[in-house]
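**Q** Residues per chain, in single letters:
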Amino acid sequence: MERDPRRRGHRPLPSSSSSSGRTVIPDSRSNFVPSRRSHGEAWNRNASSFHSRGRSSRNPPPGSANSDGRDPSGTVSGLEEAAEESSGDVPSLVGTCPFMCPASEMAQRERLRDLAVFERLHGNPKKTSPDLAVKKFCRTISTKDVKSSDVRPLSVLENTLDYLLNLMDSSGEPFEVVHDFIFDRTRSIRQDLSMQNIVDRKAISMFEKMVKFHVISHHKLQFSSEGTHHLEVSSSHHLNMEQLAKTLTSLYHLYELNRVPDSAFENEPEFRSLYVLLCLNYESPMKGESLALWFRHVPASVIRSKEMIFARTVLRCFRFGNYKRFLDTVAAEASFLQFCILESHINEVRALAVSCINSSGYKLHPFSLANLSSLLMMKESEAESFCNACGLEISIDNHGNKMLPTKQSTFSRPKAGFGNYGFLCPGRTDK
Amino acid sequence: MKVFGVLAGKGPKRVGALYVTCQLFKIYFKLGTVHLCRSVIRSIETVRDFEEFPKRDKVTYMYYTGRLDVFNENFSAADHKLSYALTHCNPQSEANIRMILKYLIPVKLSIGILPQDCLLQKYNLVEYRNVVLALRRGDLRLLRTALEEHEDRFLRSGVYLVLEKLELQVYQRLLKKIYIIQKQRDPSRAHQMKLEVIVRALKWLKIDMDLDEVECIVAILIYKNLVKGYFAHKSKVVVLSKQDPFPKLNGKPVSS
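Protein chains in written order, with this note's numbering: chain A, 1 to 431; chain B, 1001 to 1256.
Read the hints as simulated data drawn from the structure, not as lab findings.
Errors might be hidden in some of the hints.
Cβ-to-Cβ under 8 Å is the rule here; a few derived chain A residues that face chain B [to be verified]:
(1) Leu293
(2) Ser305
(3) Phe320
Quick reminder that beta carbons are idealized off the backbone N, C-alpha and C, glycines included.
Sequences are here, hints too, so could you generate the full structure?
**A** Printed below as a string of structure tokens:
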């Protein structure tokens, strides 16, 4: 697991073992009192220490958290003081590695033949080049032993990320292979960012891209788990969700850190809405906070944004059981990213609809399959196999129409999960 | 936490453990790190003689843990804990009663128990007035505007999602009202309700909903046992059971 200072920053009882930075939570910022104590104590006493590290870096990236003029409350001077004070004894890590992969790691991996397909020069498993090799993710206990030549500065990280995301579309390899590679290398990018405490707007944009990668992967890995690599793929599906949850949480912390009062970032509404969509049912991958608590600290402007209103409508319909409006709203309004997250819930809602119709419908009036399929937004043939998967039989009436007889006692949710069914959006062509 | 560790052990000092626990809760709620409460709760729950702690600490403890149950939508548990806090707290302390009611009322509403209007008045919880009125009247529009009006407040206190779920009960009440009117007109056919009538009632409330969605809502109400009967898809009618067509929740949450 990568060390993520943003997560640790939220613990109210800091442990002294942390050697990398911890972040400020907005509440504690206003209470910040510059400490005149020795560094070690100051470290444990306030959660703001990362600011001092940020400021003491020799090349603060342009547009960084400190230079964009936020925090007009007068605490800035306090932070500066603390920064000067601690800059002497806190070695702040500034990466100097000019390549996507440090030279030493490149040499070592060539020797060990530890090169991913994408890193091999002309397919040679023991030869790579600076244009191909990308730093692997590796757990580190402390930033103390990390050499600055092994850490990439922001600009290199940005290029590395773009290079990796390009592989998504342009590589001929199967998606699972591409995913494995990008999954690992982006993790390493996040590690480099957190080791250097890069928390500015550029970091936001990088985290947004990485969240996007995990969301799209969620969509692509979802239904490919039926082939020969079943176990492997479903485990990478699971790991992908885990990293998605973590990256998303980090992204929200970055939004908070860079917040100018009463404003939201351009993409914030959509990325915030993903949290709600991930929490639709109670087995949320977002561990820790229930949705009721989470809503408490989302800015009002985001709550009322179009994207969030969509997510809240979908949430309400899902929990209420209003399958009709749920499917209609998803079909009409979901963005691509939102759809990728919702996709797995669509069949769940369809099963609820079938179950409701089966148990609440009049026994002598079977439900026509044509109506059912348009209600569930799927092809008639798929609706039939969906009903069969739910243990229900389809009959044919006197006029030759296919019907779903109600009050069948055999309804059951498919145990092995739902298969891959299409989702027809009338009037939309982008999906 | 260290103090808690010492006190939670055996010996006469143990009665102080609950006090420290409550102080920790207070801090965690302020900091927004309520997930940290879990480990403290676990060690309190293992205590066999909970009743021996001082009363005021018990009340505070039940108040905070009840709130946690509200956030996690465990309504039965929340009802139990907050009711305990209410019955045992100092009846003179209006501010505390108000704090408890702020969370207990939404919980009670969700299990079908409505408060008297004078209670809301007395403790200045008027933000719930229209919500309660909407439930009494089956007025979906009123519920929605009440939620919208106090959206910020409800979201910040964490009860918004609980209140939003009341919609199902409002639909139940609306159907019941229609049923009562039909019964006055023609008792022999009152148990047959045209979906079109529900659509019109909603339109009168300025809520636009088509037949398919109304059918879906009726199906859900039947499925969740808020209405007894069945719907006939072909003739677009819901046929209500002649016995107890609108079962009361009677203190149980709506089945999911």
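**Q** Please list, smallest to largest, the hint numbers that this structure does not respect.
**A** As far as the earlier hints go, only 2 is violated by this structure.
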